[in-house]
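Trainee: Read off the chains here:
Number of protein chains: 2
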Amino acid sequence: MPSAEIITIGDEIVSGHSVDTNSSFIARKISSAGIEVKYHSSVGDSLAPMEELFRSALSRVDLVITTGGLGPTDDDITKKALVKVFGRKLIYHDEILKDIEERYAARGITMPAINQNQALLPEGATFLKNRLGSAVGILLERDGKILVALPGVPAEMKTILKEELIPLFNNRFDLLQIAERIVRTSGMVESELAEKISSEIPLPDGVKLAYLPHTSGVDLRLVARGENADMINDAIEQPEGWLKRKLGKVVYGGKGETLESVVGALLKENKATLATAESMSAGMISARIVNVPGASEYFLQSFVTYSDRSKIDALGVKSKTLKKFGAVSKETALEMVKGALEKSGADYAIADTGIAGPAGANDEKPVGLVWIAVAYSRDGELITHAKKFLFGTDRRINRERATSAALNFLRLALLNELDDSK
Amino acid sequence: MPSAEIITIGDEIVSGHSVDTNSSFIARKISSAGIEVKYHSSVGDSLAPMEELFRSALSRVDLVITTGGLGPTDDDITKKALVKVFGRKLIYHDEILKDIEERYAARGITMPAINQNQALLPEGATFLKNRLGSAVGILLERDGKILVALPGVPAEMKTILKEELIPLFNNRFDLLQIAERIVRTSGMVESELAEKISSEIPLPDGVKLAYLPHTSGVDLRLVARGENADMINDAIEQPEGWLKRKLGKVVYGGKGETLESVVGALLKENKATLATAESMSAGMISARIVNVPGASEYFLQSFVTYSDRSKIDALGVKSKTLKKFGAVSKETALEMVKGALEKSGADYAIADTGIAGPAGANDEKPVGLVWIAVAYSRDGELITHAKKFLFGTDRRINRERATSAALNFLRLALLNELDDSK
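Sequence order for the protein chains is A and B.
If you're matching positions, the first sequence starts at 925 in our numbering and goes up one per residue.
If you're matching positions, the second sequence starts at 925 in our numbering and goes up one per residue.
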């Protein structure tokens, strides 16, 4: 199995001013393709340490992938380092410049002259087409080792990696087989899951289980490696099936599925439409639903009612309810969700109201308190459910968890799995 | 200046199944405190390579900070590696377990027994209180070198770092002075900015400028280092002032400010309220506005009108307008924003409608086309502005850029900087 090192470049990464999402994306893609990622490392925009890192990486792995430092500005020096390490000069490529000019023209903008830098590549490099930006990917080889330099802009890096590089690696290396299964769960914390799973799960030799917690829930990841695809697939199916049986409705999907994609698929399957009424999440539920391409088939609208007044005007919540029980209450959540169903004419509605923090709490209602409600009609009857959640103290995390909890609650409603009906 | 290496631990990181946001956060915090981050590295959940990495890190830097592998489950083995590298045994700490039990009790949940593992620490360790979770931070010292192990859950790591660790470092090291300025811009791409700036900006020796592009715009970061705080502050103020004068209204703020926090501050200053009408962004604008604590002072509600029907019902958009000009048009954007202003009673409203992709485009209206509109009244007169944007082909990036463009358009309206009034 070929080994790889992923190097992310930029003062902004080493100093922490940019979050590096590139190395994880690259690692995921190339390890799924059967390449072993041995190291990640990062270095700033300075020539000597960059050269040094490129040299040591080329000595310890078969494949080095770098991102960043290919832009047109003065602080972008990856090509300078490549020229030094590989002992080659820069060559001008007219076809690259033409391509950039055309893209600017299509947007109705004159290309800034500084982009001429982007047409210079080290001699002997293979260039990898970038259809989203001006920095092409660069592939250099020496002594059986490969170095690939990709731009740091995530969308550009991803497109080049998927469209150009992975197919090239598949041709080039004789890759080991890897089987991987993701079992995605929502509604149970990591330690509860571990108590249910860890001592009992049948894990064949060579299969590893990892718990990956997110604000949406916990992903359970199974990985098996080997030379025989059939054998590793058999080995991984046993614990995968066991997890699904053991955890039941806590499991919402597998690899590539999200709460919003699963909910979207269930709505489509039921030919049903959806509206949301959001207070604490303030648009995060609808924003996630619309992440899924084609959401317009089932998603109608969201009532983001942050003020009391808007809850009354847009959703018909009674001011008496707000006065007696407060905006964060089961009663308000239920009136919100009924209002959303009625005003939108949707088949399903979901609502949330809570205290995100840091302000807004009192003795009875702490920061992190959230009420989620769902409404729909079944056999001509209006059904509603409401559930209380108590999250933590961080404003943003509370809002993300409320959003995920609402999507999960809607999923359970769509599956007829809610039993606390009123 | 003490040097540091940040190590993130976990198979999920090396294989890319988790995005590592921890190392950038830590790097930012400790480099602002005057510690030089020399390396970032990552290693999986396997004992031998983890020990090896801990040993080499302790040999090449003064301070090693690790995150991850401190959870209660079997795949968490950071403490095992520490025990080996430092040659110490694990000691049980009753006070840590009591603290965890109390936190579970406060949430009304019985503590899963597996959390007893969390009370075991290497002998001689200083523990760093974690008020958000069950894994405390661990600080070990040997031969003048320090290793700190922090939990991998970002909120927990951040809290321990800010509340416990940075104050400890400030006492411990004689730190170099660093001056940093962030000049945040919106509405101009990196290469345009570079053409305006790079050949002209007066950069004193030792001051570095970096361009950091995001979907919100481009941050310009100036950094100066030295022993004398007054000297480096003087050196950095010159290019900072130059950038602000040169770029004018393109600059929206500095370090720690976001488009939504700046817009929030302007609304508060004007004692004005806000509503949004969102189609393509589908709640992302309101979700970002509500990111700012205290947004309830000025934010009333959002009309997320994804379907044509909801644009008509919730905002009073005319069906004739939708038929004649389409949902993605200047006319619809203007009717949406007027509807939002009127129905909410807010002082300002902002609207967006666009084609996020991949579907929905036609010959006249490509993917990436967005109309943004703003409305408010001034001296009793209704003022509206609308502007067309053409972004790229990626659904999520298009929606993020539309959201930022809308917030920036609102900012310019609040500053009286829009001149295309109709």
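In short, the hints are calculated from the structure, not lab data.
Fair warning: this is a prediction, and the values are worked out from it, not measured in the lab.
Check before you lean on any hint, since a few could be wrong.
Note that the list lumps identical chains together, so a pair holds whenever it fits in one copy or between two copies.
[Stated by the list, open to error] Okay, derived cross-link-like pairs now, EDC-like style, lysine to aspartate or glutamate, Cα gap no bigger than 20 Å in a straight line:
(1) K1120 to D999
(2) K1082 to E1124
(3) K1267 to D1232
(4) K1267 to D1237
(5) K1247 to D1018
(6) K1120 to E1221
(7) K1192 to E1119
(8) K1312 to E1324
(9) K1195 to E1114
(10) K1170 to D998
(11) K1195 to E1047
(12) K1195 to E1341
(13) K1248 to E976
(14) K1262 to D1237
(15) K1053 to E1025
(16) K1082 to D1018
(17) K1013 to E1047
(18) K1248 to D1232
(19) K1132 to D999
(20) K1082 to E1324
(21) K1192 to E1324
(22) K962 to E976
Trainee: Checking each numbered hint in turn, tell me which of them this model violates, lowest number first.
Mentor: 2, 5, 6, 7, 9, 11, 13, 16, 21
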